[in-house]
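J.: Listed here are the chains, written in short residue letters.
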Amino acid sequence: GQQVQQSPASLVLQEGENAELQCNFSSTATQLQWFYQSPGGSLVSLLSNPSGTKHTGRLTSTTVTKERRSSLHISSSQTTDSGTYLCAIDLNNYAQGLTFGLGTRVSVFP
Amino acid sequence: EAGVTQSPRYAVLQEGQAVSFWCDPISGHDTLYWYQQPRDQGPQLLVYFRDEAVIDNSQLPSDRFSAVRPKGTNSTLKIQSAKQGDTATYLCASSLGYEQYFGPGTRLTVL
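So the protein lines, in turn, are chains A and B. With positions in the first sequence counted from 1, the corresponding number in the working numbering is that position plus 3. With positions in the second sequence counted from 1, the corresponding number in the working numbering is that position plus 551.
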């Protein structure tokens with residue numbers, strides 16, 4: 004089965020609304036990254052957060068390692084936030100390949 | 552600081568043709584990764600290097616795919632005889648430590 008599961012699969016927001024994206028993983032992770040990908044675009048690293056809470060701009064990630072879950076909170080969404088948000092974990096050890104979820108597609112309308 | 556660069560950005564092939572993708576990682580990054588991202592899916596690791604050594608190529612279809620990083624800097628991924636199922640975006644990433652940084656990718660279409 005899918006080792007990294009993201010929910011919801013898609014999300015539609017009105018500009019200004021907040022959003023919460025979830026990532027659950029099946030094994031202990033030593034590394035967890037959240038990425039943003041615009042349609043047809045490259046992956047942009049948003050946050051590296053294997054445990055605890057981290058903030059950058061309007062984004063907050065909280066990872067509870069023991070419960071194998073992470074969330075990404077987007078506050079005051081903007082139309083430019085539209086795109087796919089991917090959660091990825093390093094299943095095994097230091098600096099090995101990441102295992103990605105299928106992503107959450109976010110659409111923000113004015 | 553320059554990011555990860557890849558070329559070409561797009562490639563269109565007929566089945567059976569060969570193609571090479573080139574990646575220049577961030578300067579000083581010792582680890583380089585190649586991922587395949589089919590449409591509407593997350594990236595999937597193909598191979599990764601630490602310096603010039605292949606650390607894991609277990610997901611690389613070895614009969615048709617090959618990857619090298621001879622001097623521990625730039626890397627080339629080659630598909631010998633492309634199939635329609637290879638249609639995807641090929642992403643290169645590099646790291647020095649945990650956090651990975653991705654290039655813009657090469658979008659491959661095999662007709």
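Check the hints yourself; a few may be wrong.
Footprint (simulated), chain B over chain A, 3 or more residues, beta carbon under 8 Å [what the hints assert, rightly or not]:
1. 45-57
2. 82-93
3. 103-109
Here are some chain A residues the structure puts well away from chain B; computed CB gaps all over 10 Å [said to hold, decoys possible]:
4. T33
5. L62
6. S78
Honestly, the hints are just simulated from the structure, not real lab data. Glycine is no exception: its CB is placed at the ideal position from the N, C-alpha and C atoms.
J.: Look at each hint and say if it fits the structure.
T.: These are the hints, each one checked on the structure:
no.	hint	verdict
1	45-57	holds (count 6)
2	82-93	holds (count 3)
3	103-109	holds (count 4)
4	T33	8 Å, violated
5	L62	15 Å, holds
6	S78	23 Å, holds
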